[in-house]
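Same order as they appear, the protein sequences are chains A and B. Once you know that position 226 of the first sequence is 226 in full-length UniProt numbering, the rest is easy, because the numbers rise by one and skip nothing. Once you know that position 75 of the second sequence is 75 in full-length UniProt numbering, the rest is easy, because the numbers rise by one and skip nothing.
Careful, some of the hints might be misleading.
Same chains, same label: a pair holds when it works inside one copy or across any pair of copies.
No more than 20 Å apart at the CA atoms, straight line, and that leaves these computed lysine to aspartate or glutamate pairs for DMTMM-like [said to hold, decoys possible]:
no., residue 1, residue 2
1, K259, E99
2, K215, E99
3, K76, E132
4, K192, D330
5, K6, E99
6, K192, D119
7, K76, E49
8, K151, E185
9, K6, E221
10, K151, E199
11, K215, E329
12, K62, D320
13, K62, D216
14, K6, E186
15, K76, D292
16, K6, D216
17, K135, E53
18, K76, D295
19, K6, D320
20, K135, E263
21, K135, D320
For the record, the hints were derived by calculation from the structure and aren't laboratory data.
Protein chains: 2
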Amino acid sequence: MSELRKDMIVNRWVIISPRRGKRPHDFTAETKPCIQPGPCAFCPTHEHETGPETLAFRDGDKTDGPCWRVRVVENKYPAVSVDMEPSDGLCKSDCGIFEGCTMPGFGSHEVVIETPDHDSTFAQLPVSQIEEILKAYQSRIEHLRQDTRFKFVQVFKNHGNAAGASMSHSHSQIIALPIVTRAMEEDIAGSKSYFDANERCVLCDILYQDTCLNKDRLIDETPVAITICPYAPRFPYETWLIPRSHNSNFGTVPAHEIKGLAELIKTTLLKMDEAFDHPPFNFMLHTAPLRDCTDLPYYHWYMRIVPHLITLAGFELGSDCHINPVAPEDAARVLRETTLTSD
Amino acid sequence: MSELRKDMIVNRWVIISPRRGKRPHDFTAETKPCIQPGPCAFCPTHEHETGPETLAFRDGDKTDGPCWRVRVVENKYPAVSVDMEPSDGLCKSDCGIFEGCTMPGFGSHEVVIETPDHDSTFAQLPVSQIEEILKAYQSRIEHLRQDTRFKFVQVFKNHGNAAGASMSHSHSQIIALPIVTRAMEEDIAGSKSYFDANERCVLCDILYQDTCLNKDRLIDETPVAITICPYAPRFPYETWLIPRSHNSNFGTVPAHEIKGLAELIKTTLLKMDEAFDHPPFNFMLHTAPLRDCTDLPYYHWYMRIVPHLITLAGFELGSDCHINPVAPEDAARVLRETTLTSD
């Protein structure tokens, strides 16, 4: 029996329709990632083929040189560019009723090259390597915060062609913008509204509900964080990693928690690899906007991990109401019961 | 040079990033639809393999019999079902902080079988056939409006596997729900806000702007409607068909306008077929909610046609801010200059 469920933070309905449901093995044919042979521009000794380096963890100190473990570079094909000012004059398309609706494509677009090894996937990396990647995210978030023109930063990963990756060498991306995007505005507004009504953070409450009151949507829990399938997910097997410590800003998570987070991210991705035979996936870090938004009592950073198993179709594109063929309780059970046979 | 542009109706930013731009021929490799051989459950003499018929235009009067031109049936694998009540008791998942966030999956989910011919695509159908399909949409919208439990209806089409179609025989779908979806709520609220400030309908103003003040985004215009690429589109080559007559409800468009609409839809789809070598696509009809929403001065029905050329990736899924690699002015020029070599 299908259900309509409302995401209470942003008031968005989804249709959970398990009668159209699929088990993990039904998805696998659609989900094979594409592997490109190396070496590529992200490989060691090819450093000159990328944009200039903004951060690296390496043995030695030669910028844009070898022996790095994690390397962050400017995207050579950026969606936005720092080579302009957000206050640059109006664009020519900005006239008539659209006056005031455009600004130059100012922003920062970086690539995080997650490993020197061309063939390792994120899930296969050692926990210590994932820790360094998370620390690179933190360092870049806090660096970008220093530039007061930026209001919002999105850290995200596309793995596999079908999930939007154009390079198979393991990497993620960081985009900073002079505006706060609508999804974040709504997330902040909904979280604040819940806090005002209940005097508690909504993700802290979800964490309590899904670990202490009803474990149907719980996948894993560790001393540092939990993974759940959220109550009203838009995508099948969509997974949220929620840290136990309330903190609105990923950039300031203490180092001793980063290791635990790295372990749980690795476990989650390995389970998805096991359940779906190495699917394409995206992960997105949700951290508070950059300006005046540290230490917010009502916002709680979290990470969303979404295996790429379905295509958005006309109903979703028209209504923004997603039809999800797998109930989160079923998805969580599958992932909870997935045992890891390899590392 | 890239730009940030804001959809002024719903206050959603997009990044127009032509430096990542692609010409039509760059997209074609990704876009081939899958054709399944017939006959299938949607073919004549297979009427018993579909759900029961709710409407048909046919020669003769035998329900679920042959000789139909357009046939509307209940979806055999519906996302929502009329076999329950929207007021049915709470689902078991609805407890704790999620109390009040769920209702049974009540709704209507129909399939419009657009032609008896298994191999014809929508764009290849005669204008008279497309007219009948549009009239079938109208008839079903007005019929569903009689059931006061429904508040919202979405008419949409998925063409090609990559755009979400599971059957290649040309068809579209109609889903009616007991809630108004967030996209429609925002569309209505934004349109009303513009009307309150300007005493004019925003789509009437866009129509005037894009036909009389600046034709850069105009694709085609006829006495009945225009097609444009909108100012802040989320998808490359996203096209809006806007009728010249202000009317909030597609269900009451007069018959003499339906023919003109059918002609323009066919032209638009043929141009996309020509430009992108028959891409998968979705179209979505945006018509006002069903309750107390006829003759709204501030809402104007329209149709969105979106060829399926790119994959949504982590940035879009995280931020709801889309990176569009083709400026709408460039997309409109390509489609405006596409000449039709076949029918």
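Hint check results:
1. K259 to E99: neither (48 Å within a copy, 35 Å between copies)
2. K215 to E99: between (51 Å within a copy, 16 Å between copies)
3. K76 to E132: Neither: 23 Å inside a copy, 50 Å across copies.
4. K192 to D330: neither (30 Å within a copy, 41 Å between copies)
5. K6 to E99: The answer is between: 10 Å across copies meets 20 Å, while 35 Å in one copy does not.
6. K192 to D119: So K192 and D119 fail the 20 Å test inside a copy (43 Å) and across (53 Å) alike.
7. K76 to E49: within (9 Å within a copy, 53 Å between copies)
8. K151 to E185: within (11 Å within a copy, 27 Å between copies)
9. K6 to E221: neither (25 Å within a copy, 40 Å between copies)
10. K151 to E199: Neither: 26 Å inside a chain and 34 Å across chains, both beyond 20 Å.
11. K215 to E329: Within one copy, since 9 Å is at most 20 Å while 51 Å is not.
12. K62 to D320: Answer is neither: 48 Å inside a copy and 38 Å across each miss the 20 Å cutoff.
13. K62 to D216: Classified as neither: same-chain Cα gap 50 Å, cross-chain 49 Å, threshold 20 Å.
14. K6 to E186: both (14 Å within a copy, 16 Å between copies)
15. K76 to D292: Neither: 31 Å inside a copy, 52 Å across copies.
16. K6 to D216: Intra 18 Å, inter 40 Å, cutoff 20 Å: intra-copy only.
17. K135 to E53: within (16 Å within a copy, 59 Å between copies)
18. K76 to D295: Neither: 34 Å inside a copy, 51 Å across copies.
19. K6 to D320: Both: 12 Å inside a copy, 18 Å across copies.
20. K135 to E263: within (14 Å within a copy, 57 Å between copies)
21. K135 to D320: neither (34 Å within a copy, 25 Å between copies)
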